[in-house]
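We have chain A; now place chain B onto it with these hints.
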Amino acid sequence: MTALDKIQIRGLKLRIGGNEVLKGIDLGIRRNAVTGFMGPSGSGKSSLISIMNRMIDFEENVEISGDVLINGKSILGRDVNVTSLRRMVGTVFAVPLPLPRSIFENIAYGPLLKGTTDRDELHEIVVESLKKAVLFEEVRDRLHTSGMKLSGGQQQRLCLARTLALKPEIILLDEPCSGLDPISTAKIEEALFELKKEYTIVLVSNNTKQIARATDHAAFFLMGELLESGATSAMFTNPVNQRTSDYIEGKFG
Amino acid sequence: MRINPRLVDRWSGWSLNVLTWFAVGILAVIVVIIFVKGIANVDLGFILKYPEDMGRHGGIFPSIIGTLLLVALSLVFATPLGIGTAIFLTEYTKETRFTTILRFGVESLAGIPSIIYGLFGFIFFVIKLDMGWSLISGALTMTIMILPTIIRTAEEAIKSVPRNFRMVSFSLGATRWETTIRVVLPSAAPGILTGIMLSVGRAVGETAAVIFTMGSSLRLPTSLMDSGRTMAVHFYILAREGISMGNAYATALVLVASILGINILAYYIMNRVISRYS
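Chains A and B, in that order, give the protein sequences. Per our numbering, the first sequence starts with residue 209, numbered consecutively. Per our numbering, the second sequence starts with residue 1262, numbered consecutively.
Pulled out of the complex, with its shape left as it was, chain A reads as follows:
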């Protein structure tokens, strides 16, 4: 872990309703890179993400100890402004979740709440976000039709664009391709490849091949513990831990 890390996770423990979900995680996440979280379901990777954007606040009976620092500042304190934290740490969920509004309104939602009301400025943000999410060409002439009429893959890129419109520093993607076909998945990965130049990206995935393809660094979680982390290429060619190697080879999952 170095001071250059965008996110620093220190001795993080999480209990939900008495169950130990995270058992002391120490991890640094590099800026301007894609970091992959992999591991079987129930390993705690999604919970870790929901601490980073404080969506964990909506769960009940949560106990957290340890700390998470973004830009060197703790995000877990009571006095943290959760609203601005969530604008800085954008989230794309596992299921595509457009709001029942037009494509334009979906993307303008965040900026509007932030106080951007100028129509031209909003339009500019919408177009720019759609371009970054590699969706603009497909929807340029129907920005005012419902976001729910798009295909699953397009909806997920719409959700990515909606997050980008917040101008975040970090983007968390929680298994964003779990319900998508290979072509849609490739488009998301293509977008991520460009986006990492500007943003710090965390990609949670059950798909080890996707982690190998799309990430620079990887972290392997099992039963709430971080078993191994490091450069993706090193981890996939020469894993230190036997269980990491078994997981990558698909011996369990």
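Quick caveat, the hints were computed from the structure, so don't treat them as lab data. Since this is a predicted model, take the numbers as computed values, not measurements. Hints are all accurate, no fakes.
Lysine to any residue pairs mimicking SDA-like chemistry, simulated, CA-CA at most 25 Å apart: (1) 1420(B) <-> 1450(B); (2) 1355(B) <-> 262(A); (3) 1355(B) <-> 288(A); (4) 375(A) <-> 1439(B); (5) 357(A) <-> 1424(B); (6) 1389(B) <-> 1485(B); (7) 1355(B) <-> 269(A); (8) 1310(B) <-> 1522(B); (9) 281(A) <-> 1436(B); (10) 357(A) <-> 1443(B); (11) 357(A) <-> 1421(B); (12) 1355(B) <-> 1369(B); (13) 1420(B) <-> 1346(B); (14) 1355(B) <-> 1342(B); (15) 1420(B) <-> 266(A); (16) 1355(B) <-> 286(A); (17) 322(A) <-> 1427(B); (18) 357(A) <-> 1423(B); (19) 340(A) <-> 302(A); (20) 322(A) <-> 1438(B); (21) 322(A) <-> 1446(B); (22) 322(A) <-> 1352(B); (23) 221(A) <-> 272(A); (24) 375(A) <-> 1438(B).
Frame of chain A, contents of chain B only:
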């Protein structure tokens, strides 16, 4: 012996069909009877003129206005109160013993006969607060009466909005209030409107509670403190006292037509608003 499932399926489909037509049929018969018996006496004069000779002759203009004022005023009070309560119960509190008791109370209120509300309104608004038989006494009583319906239907409508919509909104930096106003309420609007329409129907059709609190003056109410006679009350008095059955049915016809009109208008506006979103 086991009955053939395919046979049961066909029978059930058929019998459900019959039941549906039966239910709709009863409604249709009522409307047709009112129409046939009332149409002879309805003309523009009936709608625009004042009643003469206790309603034997003339029109029902003051009653139409009285009805509209009573309903509008009740909704002005009950809608924000009801939707606010529903929002509080669903979005701002966790399920506790307190909310369970509150909800049980609301449900019990919905089951109380209207005459009891009338009696309460008479004692409290008319006598105790000295508002007399007036539009305001009637509207406040109607407010209490329709509140449970609005709360319950709004609550159900709000609950049926997917939790994920809220999560998305929060994740985009919205507060709870912004999420409620911008995401939850627009999605719940059709259900909430249904509750409001049910309430309109209840208030328009109410007689007992209205007679107790708003009175039955045939004059046109021009202030909140004026008494008035709604169409339903007018119909009741015309029929009950044998003044004019023809005009009673004519009043009923206007009453039914206006409920229908309000419903169509409300859903038309609603569809215009939400068709942009879905």
